[in-house]
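Turn these sequences into a full structure, and let the hints guide you.
Residues 1 to 148 (my numbering) make up the sequence shown, in order.
Careful, some of the hints might be misleading.
In the DSBU-like style, the derived pairs of lysine-lysine whose C-alpha atoms are separated by at most 35 angstroms in a straight line are [claimed, not checked]:
#, residue 1, residue 2
1, K47, K18
2, K18, K78
3, K109, K129
4, K89, K78
5, K129, K78
6, K89, K109
7, K47, K109
8, K18, K89
9, K78, K109
10, K47, K89
11, K78, K47
12, K89, K129
13, K18, K129
14, K18, K109
15, K129, K47
Distance ranges between label pairs, derived from CB positions [unchecked claim]:
#, residue 1, residue 2, range
16, V13, T111, 20 to 26 angstroms
17, L130, R90, 15 to 21 angstroms
18, E62, G24, 21 to 27 angstroms
19, S123, R27, 19 to 25 angstroms
20, T52, E126, 24 to 30 angstroms
21, W92, T144, 29 to 35 angstroms
22, S137, L103, 16 to 22 angstroms
23, E91, R140, 24 to 30 angstroms
24, I145, W92, 28 to 34 angstroms
Keep in mind the hints are simulated off the structure, nothing from the lab.
Only a predicted model underlies this, so the values are computations on that prediction, with no experimental measurement involved.
Note that CB positions come from ideal geometry on N, CA and C, so glycine has one too.
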Amino acid sequence: MRNSNQSTSKKIVGLTAKAGYQVGVRRTLPISQEQAWAFLTSDEGLKLWIGTVSSMSFSEGETFQSTEGISGQFRVVKPYQQLRLRWEKREWREPSTLQIRLLSNQLDKTTISFHQEHLDHASTREQMKLHWENVLSAIREQTTISKY
Numbered sequence: 001m002r003n004s005n006q007s008t009s010k011k012i013v014g015l016t017a018k019a020g021y022q023v024g025v026r027r028t029l030p031i032s033q034e035q036a037w038a039f040l041t042s043d044e045g046l047k048l049w050i051g052t053v054s055s056m057s058f059s060e061g062e063t064f065q066s067t068e069g070i071s072g073q074f075r076v077v078k079p080y081q082q083l084r085l086r087w088e089k090r091e092w093r094e095p096s097t098l099q100i101r102l103l104s105n106q107l108d109k110t111t112i113s114f115h116q117e118h119l120d121h122a123s124t125r126e127q128m129k130l131h132w133e134n135v136l137s138a139i140r141e142q143t144t145i146s147k148y
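Laid out in structure tokens, this is it:
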């Protein structure tokens with residue numbers, strides 16, 4: 001016999017009460033925080049997570065629009081540590097919040113973390129999970145070869 005206080009619904013992966021769907025992907029790379037920041041903010045790095053954009057200053061309030069249809073605005077910029085921004089694809093009805101963190105307690109290892117929230121649906125969450133995993137794989141490949 002079921003207790004009437006037990007919930008019959010299952011928790012949906014990635015769904016939060018206030019931030020919609022969210023996803024987080026991280027990977028530790030054999031580079032310093034400075035190298036990770038230099039790559040992420042370079043034209044080569046930007047192409048991976050924003051697309052092709054004109055030069056940027058990475059200042060709070062700065063807006064961007066890539067030729068691939070990604071737009072947004074930087075909300076928090078802490079060099080070598082964190083970027084927090086509004087990030088949205090052209091076809092989305094609402095923007096998401098993207099946070100990129102560079103975490104390190106060793107000179108030659110840095111964890112790059114992408115955390116995105118305010119996604120509209122479980123399928124969008126899965127698409128973005130795959131996207132950020134691919135971005136991190138490309139960052140690993142490009143920074144290991146060039147030692148940014």
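Status of the hints after comparison with the structure:
1. K47 / K18: 30 angstroms, holds
2. K18 / K78: The given pair, whose Cα atoms are some 25 angstroms apart, holds under the 35 angstroms limit.
3. K109 / K129: It holds: about 23 angstroms lies between the C-alpha atoms, which stays within 35 angstroms.
4. K89 / K78: Measuring from Cα to Cα gives roughly 24 angstroms; hence the hint holds.
5. K129 / K78: Since the Cα atoms of K129 and K78 sit roughly 24 angstroms apart, the hinted pair holds (cutoff 35 angstroms).
6. K89 / K109: The hint holds at about 31 angstroms.
7. K47 / K109: With Cα atoms ~23 angstroms apart, K47 and K109 stay inside 35 angstroms; holds.
8. K18 / K89: The hint holds at about 21 angstroms.
9. K78 / K109: Distance of about 19 angstroms is within 35 angstroms: holds.
10. K47 / K89: 14 angstroms, holds
11. K78 / K47: Distance of about 20 angstroms is within 35 angstroms: holds.
12. K89 / K129: Judged against 35 angstroms, a Cα distance of about 15 angstroms means the pair holds.
13. K18 / K129: 19 angstroms, holds
14. K18 / K109: Cα-Cα ~33 angstroms, so holds.
15. K129 / K47: Satisfied, since the Cα-Cα distance of roughly 18 angstroms is no more than 35 angstroms.
16. V13 / T111: 20 to 26 angstroms: Once the Cβ atoms are compared, 22 angstroms apart, the range 20 to 26 angstroms for T111 and V13 holds.
17. L130 / R90: 15 to 21 angstroms: Check passed, 19 angstroms falls within 15 to 21 angstroms.
18. E62 / G24: 21 to 27 angstroms: Holds - the Cβ-Cβ distance for E62 and G24, about 24 angstroms, lies within 21 to 27 angstroms.
19. S123 / R27: 19 to 25 angstroms: Cβ of S123 to Cβ of R27: about 23 angstroms, so the range 19 to 25 angstroms holds.
20. T52 / E126: 24 to 30 angstroms: Given about 25 angstroms between the Cβ atoms, the range holds.
21. W92 / T144: 29 to 35 angstroms: 32 angstroms, holds
22. S137 / L103: 16 to 22 angstroms: 18 angstroms, holds
23. E91 / R140: 24 to 30 angstroms: Since E91 and R140 have Cβ atoms about 28 angstroms apart, the given range 24 to 30 angstroms holds.
24. I145 / W92: 28 to 34 angstroms: Hint holds: Cβ distance 33 angstroms, inside 28 to 34 angstroms.
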